[in-house]
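Colleague: Spelled out, the chains give:
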Amino acid sequence: MNRRAFLKTLGTAVISSSLIKVKDLKAEEHKTEFYGILVDTTRCIGCRRCEKACAEANGLPIPDISEDKNKEILKNIRNTSPTQYTVVNKYETEKGTVYVPKRCMHCNQPGCAAACLVKAMRKRETGHVTWDLNCIGCRLCMISCPFDIPKFEYDKAIPRIQKCNLCYDRFKKGLVPACVEVCPTQALTFGTRRDILMEAKRRISNNPDKYISHIYGEYEAGGTSHIYISAVPFEKIGFKTNIGLEPYPKYSTGFLYAVPFIFVLWPLAMLGFRKATRKDTEE
Amino acid sequence: MKNKKILSGLVILSLVYVVLIVYGLRMVYSKPVVEAEAIVKEKPENLILIKKTQLFGKIERPGVVFDHEKHVLAVQKQGKKCDVCHSFNIYGESDFSYPKNIKSKDRKTLMNGFHDSCIGCHKENIKADRKSGPITCAECHKTENEKLVLKYPVVEFDFYLHDKHNKKLKNDCSLCHHSYDLEEKDESLRLVYEKGKEESCYYCHDFKNKELTDIQKVSFKKGLDIKTASHRQCINCHLLEKEKGNEAGPLKCVECHTGKYKTIADLKDIPRPNRDQPQKTFISIENATMKEVFFDHTYHEKNHKSCRECHHYALRSCSDCHTIEGTKEGKFINLSQAMHSAFSKESCVGCHSSIANKNKDCAGCHFLIKPVNIETMSPKSNSCSKCHTGKTEPQIREISKPSKVKDKIKIDIVAKEFEPADLPHLKIINKLIDVSNNSKLATYFHRDMNTICVGCHHNTQKTEITENKVPLCRSCHYKESRSLNKTGLVSAYHRGCLGCHEVMKLEKGRKCSECHKESAKRPKEIITEKNDNVVRQNKEKILNVWHP
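Just so you know, the protein sequences line up as chains A and B, in that order.
This note's numbering puts the first residue of the first sequence at 1, with every later residue one more than the last.
This note's numbering puts the first residue of the second sequence at 284, with every later residue one more than the last.
Only chain B is shown next, with the shape it has when bound in the complex (with noise of 0.2 Å):
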């Protein structure tokens, strides 16, 4: 009895034993393994790499690189059409899924699908004594290709795409835009085309980062994302065009993913679309404290690439989701918030405010100087009335170049390494007046000489530039300080001049020797206390200084 409990006593102990030494492997093993990296494709010439992870998850072999175009090529010296591979509905529009007539989302049932599809086809051809593709396994499910990922560059269709369609569709808008009715019963009528209410794809169609809204839901629910949605509108449309033997619109991979974008400035001269948008107007909001603020809508049309940069839910009115209280809609984001946010890029502030801190030009003294102070969330006093001029168009005048300022300025205060440095600073008032006048954004914003100078002499006042009484860099920043939210003067001077010059992209003035010449003689003491310890042995009278 008394050996039977010792022993069991001592089988649980081993047991214990085991897991223990488990436990301390797993724990010594479990360091974070690095996984290899993904090889990207850029540029894949109308190459489709099947994979299907989001239906298959994790799957045995590695994926195939399809070629399409070459496909294409052998079903058309065939002397077939696309209905080979694609089904067609009676309207002759495809949603181009394959294999054709699989609708399941099984993984067994599309998996022998795709096989029996695709091998089928190439034994036939065989059969035929025609020139067919592979039917083993590694010669489509190819191991090189196991990290490869096709990336196609997006497709923008922008403003001079979307005034081609217009024109040669002659203004008529109900080929592609359309409507889902939510209330309409029966469930074939429900895309219609409204007059007036014409939308971006976006809207419905992509899901991304986003709670999904009623129509968004349906389009979710029928896996037409933004990508499914437009392949079938633009291509089902090209396709049947051609068919019809008229000019069309391209069919392969790369002609409309091409990877060129057109810049703000090559969509100058080409009209936006005309929606009845306002042009001129005030925007004035009933029961606001605020007066009201003038807004160019044909500006602001002319200088975005697209309409959703700023209507970023629907091609409405901000103050429809975006009320003075905030509605759900808006996801309570109210009219001031939608405004005057600094960190997003829909509002009017964000929006400024970026352009000050991205433009090459502006950043030179924005990037010190926010034009909205971040840390309060609020602008700058005095600068709510410049937007908010009530009934009133503004009037902008630009900045005349100033009469009495110091031509140069001898900077020696810090010279230790370095021989005295000199600032031109005439010229680099010039050249800030110059950018001001030259960008709209600016001179609404800047209107007198004041708001030149603060871009250096930053936190002066008002009065103390009319006075004459400029502070200077060392009135604030003292020499020696060295401290967390205290710049010192070396650094002030180097991060002030250097960071305008980097940011402004200037070529000048980014070597030491531009500024300042090295000066002849080293002077001793550069770090404060110079050990002279040079040499080996006496760094061991240190090393002795630690041991306690």
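Excised from the complex, chain A in its bound form (with noise of 0.2 Å):
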């Protein structure tokens, strides 16, 4: 090797480095899991407290939850909005009245944060699913989102995409999000999601007559962080059944990995599709 080669090989050793991100270590020590909210439905009493501690806790119109005012808007079935990232509805069912609330599910793969063109909507280490202020507002989160969750506010100058984000901030301080601290039956408990989906199944094996043997988010949209256990069939207490298994971005990728491959395929596509058509004129 001349001295000219290994200059050669030395300089492009050294830029072909720096492109390739080192992997951060100290991330790789410190795993984390995927925290939870586990919502027995057959704990919820409906008195919205969750819905008020919400509002406080991320600086939203804070609802009147007086039980007069709780009758009136209970009568309907209700979907989070951008001044509402949790809301209580109530089911009747054979085995009486259910109230379930409703939120962002925080799934494992989320939708939303694959489709977002800016990583404004991401998943964090823990969980969480969060959405940040360097959003272009092209709601393709709102399109991809199973459970109809992201909400746009089209009545704003300057539009958010609003959601419930498992109280990341207070997460960051110590404490477990607004509505599970305030809930009064303990209807909501906040863990690891390993540890809610060990308690939901405790719960379920326990008690075989009082629960159905369906965590709802175990498995829905390949898993999320919000589950669900119930007495009664979910589809009757409107949740979607219709999901399926797949978590969400997965119907996507297999394609889009494919869009790379074919820009590359196409011209010697048709470059091979000429050459078979024009053979004749060539020669």
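Derived from the structure by calculation, the hints contain no laboratory data.
Mixed in with the good hints there might be a few duds.
What the hints assert, rightly or not - Sample of chain B residues lacking proximity to chain A, with all beta carbon distances greater than 10 Å (derived):
1. Y300
2. D378
3. S387
4. A421
5. L433
6. K480
7. K491
8. S513
9. R515
10. K585
11. H595
12. C604
13. K752
14. L781
15. E785
What the hints assert, rightly or not - Here are the simulated lysine-lysine pairs, DSS-like style, with alpha carbons at most 25 Å apart:
16. B:K794 <-> A:K69
17. A:K95 <-> B:K791
18. B:K527 <-> B:K364
19. B:K641 <-> A:K210
20. B:K364 <-> A:K95
21. B:K353 <-> B:K363
22. B:K800 <-> A:K69
23. A:K210 <-> B:K643
24. B:K628 <-> A:K210
25. A:K90 <-> B:K794
26. A:K275 <-> B:K288
27. A:K250 <-> A:K123
28. B:K363 <-> A:K71
29. B:K653 <-> A:K201
30. A:K151 <-> A:K240
31. B:K588 <-> B:K723
32. B:K762 <-> B:K752
33. B:K762 <-> B:K800
34. A:K90 <-> B:K791
35. A:K210 <-> B:K791
36. A:K71 <-> B:K699
What the hints assert, rightly or not - Derived CB-CB ranges, DEER-like:
37. B:H708 <-> A:E72: 31 to 39 Å
38. A:A276 <-> B:Y312: 26 to 34 Å
39. B:I304 <-> A:R122: 25 to 33 Å
All C-beta atoms in this analysis are idealised placements derived from N, C-alpha and C, irrespective of residue type, glycine included.
Mind docking these for me? Both chains are given alone in their own frames, and the hints should help you get the complex.
Modeller: Now the structure itself:
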């Protein structure tokens, strides 16, 4: 090897190594687990205290949760809105009235985060799916969400996407989400996803008469951080049961991975067709 | 040459490309598809839906809704009988299959059979200038019936109907009950009647969720499921009686399929079928380690709607199949499991605990306290001897009302947003004692005051109650606990009180203000750290914090 060749190889090695980002070893050491909330719909009493606490913790308009107002509001099935990250709905079933708190499910592989062009919607290492200010307002996250959760502020001059962030700011300060803290019946319990799944399974196996043997969110849409257990089939209390068990990004990744490949193959394929069809004239 | 090589390479590449595109499109469009829901008609008025999905699979045209009653009247008007459509054997019995005389289950023959006999008859009527039915396709196969499902309510042949038939037939059981002698060589003589061995139709003719027995296999082969078998048995007999001019049972669909069911209270005074069953007996098993159990068979008969609720396989003793070791006939469920399984509906413990969970009065305590601890799959200590009494009939005694307990208790330890709550302690105890004394099952198991206290003060030892040192809620439930398996104090109060009120379906004490009034001043810090970022701008600070 002469001097010139040596310098050449050294130069390319330095340039290419600088391009490859060295993996952060620190993050590897402190592996985090996904956190989530176990919602026991048999325990919820429909007091809407979680809605109020959520509003207080997230700086949203504070709802009136007096008993008369509750009665009136719970008549309708509501959806989350830009000013309500969580809503409690009331369903009449054969096993009596069931109250169901609805909010972002914090999917393990969120469709919204996969769809986001600028990584404004992100899945944190701790399981929280959060939204950031660098959003460009394309609303792809709204389309890609199987649970219809991200909401766009159509009435604002500088609109944002609004949704539950599992109280990421409170979590950083070492506090449980506001809704979990105020729940008077512990219908909501916060913990690592592994622990809440275990607890859900324990409750079901200890009360086979009370619960149906299904944990909503264990496998739905590839698994979610918010998991629900119930006494009645989930389709009867407003849950979508047709969303499948595949994580939503998976429906498009296979196709998207093929795109660069096709970009290379397209000219070649066209060339092939041309060669095949114009054979006589060339010769 | 070189050109050809490049050419073939490129052709292969383009093929790969096409495959990739197809795969990609498939991935994108293979999201779960929601199928349109079936329209279920719960009250079909004598209509029959002819679809035969089991034989035909998916059919090109929607199923035909057939009005049977209309055709019966039309046939009667012409002075004809049922044998216009159904074939009858020499005894005057029919299998009510249609089209008649077609035994083949081939799709084409069956379809032609339907079309020929329906349209044939309609055509004849048109020729004879009578009122007739449709003859073109869409007149019968109506598109609006594509998703229609007709669902007749199941007929319950309860003790009332059984007794009615019994009285009319003067205790002659042989008309309905038969057994099938598998060892008889002449097949026509296999259906026999054995006195004292009458069983339920379901044991041989019901195939749901079961490994088929030898007799069930025979009836399965003959296509005699419970629906076909009971239709044949009932309607044939009713039809013959009617032809003889006697008073006969119902023949129209809706007359049997009423959807109304008798409750246990309605059937209270109706005598149960007599098959020389024991009345009051001791269940004693040879070589068993436990003592005998007293069993009142008559009492249990009166409290069930059907024998099959316990005798799920045959009207025999449990220990015939479920021996101490377990047999193949009993699916290797041994006797102990058969009596004690908490999950089975047929076992003693399973049935008793389901009563405790389902009866609204019992559920008040038992929604939290399991009659049998399922975690360990064993009964709680001291409760074995309640049933296993030996050769003595158990003494049942009612609980007397207590003398020294607090009348009212003020719960103020967690008062924050609301004012302290008053708990009517004595009133609750008296109510629970009344509930327990009114139920035979409850008095059998609750024999002293301790069992009532444990309703709320669960996990209390017996000695603690007698020494008057009952632990309070706050002894175990910590005020701030929000962990997964430890219920906090606020939650314990709410779930204990509200849960009981809800399952007992009490109207009182379901609203917040009924137990505690809202305090005049709302304390500032309801959630641990109140954000002062109520204003929208301040929220940005939080968002910026998240940005690394």
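Colleague: Would you mind marking each hint as holding or not holding in the structure?
Modeller: Hints, one by one, checked against the model:
1. Its closest Cβ contact with chain A, about 5 Å, brings Y300 (chain B) to no more than 10 Å, contrary to its assignment away from the interface.
2. Distance to chain A confirms D378 (chain B) as a non-interface residue, since its nearest Cβ pair spans about 38 Å, more than 10 Å.
3. Distance check for S387 (chain B) against chain A: the nearest CB is about 40 Å away, which clears 10 Å, and the non-interface claim stands.
4. Non-interface call for A421 (chain B) relative to chain A: holds, since the shortest CB-CB distance, roughly 32 Å, exceeds 10 Å.
5. The beta carbon of L433 (chain B) sits about 22 Å from the closest Cβ of chain A, which is more than 10 Å, so the claim that it is off the interface holds.
6. Taking the minimum C-beta to C-beta distance to chain A, about 36 Å, the non-interface status of K480 (chain B) holds against the 10 Å cut.
7. With a closest Cβ-Cβ approach of about 20 Å to chain A, K491 (chain B) is found to remain outside the 10 Å limit, as its non-interface label requires.
8. Separation of S513 (chain B) from chain A is adequate, the least Cβ-Cβ distance of about 28 Å exceeding the 10 Å criterion.
9. Against chain A, the non-interface label of R515 (chain B) holds: every CB pair exceeds 10 Å, the least being about 34 Å.
10. The Cβ of K585 (chain B) lies farther than 10 Å from every Cβ of chain A, with a closest approach of about 24 Å, so its non-interface assignment holds.
11. Every beta carbon of chain A lies more than 10 Å from that of H595 (chain B), the smallest distance being close to 19 Å; the non-interface claim holds.
12. Remark: the non-interface label on C604 (chain B) is consistent with the geometry, its nearest Cβ contact in chain A lying 24 Å away (cut-off 10 Å).
13. Listed as outside the interface, K752 (chain B) is consistent with that label: its C-beta sits roughly 28 Å from the nearest C-beta of chain A, beyond the 10 Å cut-off.
14. Consistency note on L781 (chain B): stated as away from chain A, yet its beta-carbon is not over 10 Å from all of that chain's, at 6 Å minimum.
15. For E785 (chain B), the requirement that its beta carbon stay farther than 10 Å from each beta carbon of chain A is not met, with the minimum near 7 Å.
16. Distance check on the hinted pair: K794 (chain B) and K69 (chain A) sit about 13 Å apart at the alpha-carbon level, within 25 Å; holds.
17. Note on K95 (chain A) and K791 (chain B): the hinted pairing holds, with a Cα-Cα distance of about 19 Å set against a maximum of 25 Å.
18. For a cut-off of 25 Å, the pair hint linking K527 (chain B) to K364 (chain B) stands: about 14 Å separates their Cα positions.
19. Our distance criterion of 25 Å between C-alpha atoms is met by K641 (chain B) and K210 (chain A), whose separation comes to about 10 Å.
20. Between K364 (chain B) and K95 (chain A), the direct Cα distance comes to roughly 49 Å. Violation of the 25 Å bound is thereby established for this hinted pair.
21. Straight-line distance between C-alpha atoms of K353 (chain B) and K363 (chain B) comes to about 14 Å, which keeps the hinted pair within the 25 Å bound.
22. Between K800 (chain B) and K69 (chain A), the direct Cα distance comes to roughly 16 Å. Compliance with the 25 Å bound is thereby established for this hinted pair.
23. Between K210 (chain A) and K643 (chain B) the alpha-carbon distance is near 14 Å, which keeps this suggested pair within the 25 Å criterion.
24. With a CA separation close to 15 Å, the supplied pair K628 (chain B) and K210 (chain A) stays within the 25 Å bound.
25. Of the pairs offered as hints, the one joining K90 (chain A) and K794 (chain B) holds, with about 15 Å between alpha carbons and a cut-off of 25 Å not exceeded.
26. At most 25 Å may separate the alpha-carbon atoms for a hinted pair to count; K275 (chain A) and K288 (chain B) meet this at roughly 12 Å.
27. As the CA atoms of K250 (chain A) and K123 (chain A) are separated by approximately 16 Å, the hinted pair is consistent with the 25 Å bound.
28. About 63 Å separates the Cα atoms of K363 (chain B) and K71 (chain A), which puts this hinted pair outside 25 Å; it is violated.
29. Distance restraint check for K653 (chain B) and K201 (chain A): the Cα-Cα separation of roughly 17 Å lies within the 25 Å cut-off, and the hinted pair is therefore satisfied.
30. Taken as a hint, the K151 (chain A) and K240 (chain A) pair is honoured in the structure, with Cα atoms around 18 Å apart against an allowance of 25 Å.
31. Taking the CA atoms of K588 (chain B) and K723 (chain B), the gap is about 18 Å. The hint holds against a cut of 25 Å.
32. Restraint check: the Cα-Cα separation between K762 (chain B) and K752 (chain B) comes to about 21 Å, which is no more than 25 Å; the hinted pair holds.
33. About 20 Å separates the Cα atoms of K762 (chain B) and K800 (chain B), which keeps this hinted pair within 25 Å; it holds.
34. Only pairs whose Cα atoms come within 25 Å are accepted, and K90 (chain A) paired with K791 (chain B) is accepted, the gap being roughly 20 Å.
35. Straight-line distance between C-alpha atoms of K210 (chain A) and K791 (chain B) comes to about 23 Å, which keeps the hinted pair within the 25 Å bound.
36. Proposed proximity of K71 (chain A) and K699 (chain B) is supported: the alpha carbons are some 23 Å apart, at most 25 Å.
37. H708 (chain B) and E72 (chain A) have their C-beta atoms about 35 Å apart, which keeps the hinted 31 to 39 Å range intact.
38. At about 30 Å, the CB distance of A276 (chain A) to Y312 (chain B) agrees with the hint of 26 to 34 Å.
39. Between I304 (chain B) and R122 (chain A) the CB atoms are about 32 Å apart, so this pair conforms to the stated range of 25 to 33 Å.
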